[in-house]
Amino acid sequence: MHFVNQSHNYDHPWSHVVIGMWHKYPNPKCTHVVSIDVLDRTVDPKTGIIRTERVLGCKQKAPTWIVKLFGGSEDAFVREISFIDPRTQNATITSENLSLSQFATCLEQIRYSPSSTPGRTVFLQTAEIQARMALWRSAADGLEKWMAQRFEQNAQLGKMAFTDVLRRLWEERERMQAVPA
Amino acid sequence: MAESLASECTPLKKEYDSCFNAWFEGYLEPAVSASSSPEKYSEYSQRKAEEFEQKCGKIWEGYRACVQKALKEKGLDIMLQQSREENPMNRPPPLPPSSSSS
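Taken in order, these protein sequences are the chains called A and B.
FYI, the numbering for the first sequence is 962 to 1142, going by the numbering used here.
FYI, the numbering for the second sequence is 24 to 125, going by the numbering used here.
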């Protein structure tokens, strides 16, 4: 079992970060994400919470030994569920792999909430990566390690990519507002 | 805006995403402000939920039908069904203990 646990601050207010979430891809820093589809979305008329289920299509080369042993290909799919709660100002995103899931699971959880410093947003990310038990031990360890490494690389890129998107999005909008009518 | 997993659905997907984003960007900040009054908030979220359905409901139906068909063709519908059964995620995950104080 591998655990990832990290936090980061974005220099944007919570509402800007949450609006920006939907603008993250496509992104030149995260070319492994090639498609995104919304499968389900509900706006709860009582709580105001928005729940969205999406499927992300990824393309990333796996080492030959993994492909040989577990099958699989460059194409991998991830199911993602997000909740945006304006009342508590929490946005959570939970993701799990659909591909290779009979061998190993990668369960990621992200939370965006306002920082105690006004105008900033805290990002918390946790992930659990676990091979299913019945596997031959060293293959399971290797698969787990590879998934964990790939997760960490992607997580790093994802943060840089999102920082770019937020900066570009809100700078552009500020410029547009600054233009006299 | 990202592509759909099926290129034939991409135009519908982009139209739907634009519709949602336009609605969402108008929704979010007033919702945060309204949340200080429970009555105002419940009136606002009900009104905006209806508005979303009116504005994006039709394009959603078209996009959904397209994606459902593509998921089936790629065999992803079965994987998704398994994932939903194992992990429905119908409720937001609980708040971490530290954030309740802020």
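Certain hints may be false.
Below are the DMTMM-like pairs computed for lysine to aspartate or glutamate, each with C-alpha atoms no more than 20 Å apart in a straight line [as the list claims (entries may be wrong)]: (1) B/K37 / A/E1014; (2) A/K1029 / A/E1132; (3) A/K1020 / B/E26; (4) A/K1020 / B/E74; (5) A/K1120 / A/E1132.
Covered by chain B, according to a simulated footprint, are these stretches of chain A (three or more residues, beta-carbon under 8 Å) [as the list claims (entries may be wrong)]: (6) 1019-1030; (7) 1035-1046; (8) 1102-1109; (9) 1121-1133.
Bear in mind the hints are in silico, worked out from the structure with no lab data behind them.
Heads up, the beta-carbon is just placed ideally off N, CA and C, and yes, glycines get one too.
Verification of the hints:
A hinted pair counts as satisfied when its Cα atoms are at most 20 Å apart, and B/K37 with A/E1014 qualifies at roughly 16 Å. Restraint check: the Cα-Cα separation between A/K1029 and A/E1132 comes to about 47 Å, which exceeds 20 Å; the hinted pair is violated. In summary, the hint linking A/K1020 to B/E26 is supported, as the alpha carbons are separated by about 13 Å, within the 20 Å threshold. For the hint pairing A/K1020 with B/E74, the CA-to-CA distance comes to about 37 Å; that exceeds 20 Å, so the pair is violated.
Between A/K1120 and A/E1132 the alpha-carbon distance is near 18 Å, which keeps this suggested pair within the 20 Å criterion. Requiring three or more residues with a Cβ within less than 8 Å of a Cβ of chain B, the coverage given for the segment 1019-1030 of chain A is violated, as only 0 such residues are present. Only residues whose C-beta sits within less than 8 Å of a C-beta in chain B count toward coverage, and the segment 1035-1046 of chain A has 6 of them, enough to reach three; the restraint holds. With a cut-off of 8 Å between beta carbons, the segment 1102-1109 of chain A has 0 residues touching chain B; three or more are needed, and the interface restraint is violated.
With 0 residues carrying a beta carbon less than 8 Å from a beta carbon of chain B, the segment 1121-1133 of chain A misses the three-residue requirement, and the given coverage is violated.
Violation of the numbered hints given earlier is confined to hints 2, 4, 6, 8 and 9; the remaining hints are satisfied by the structure.
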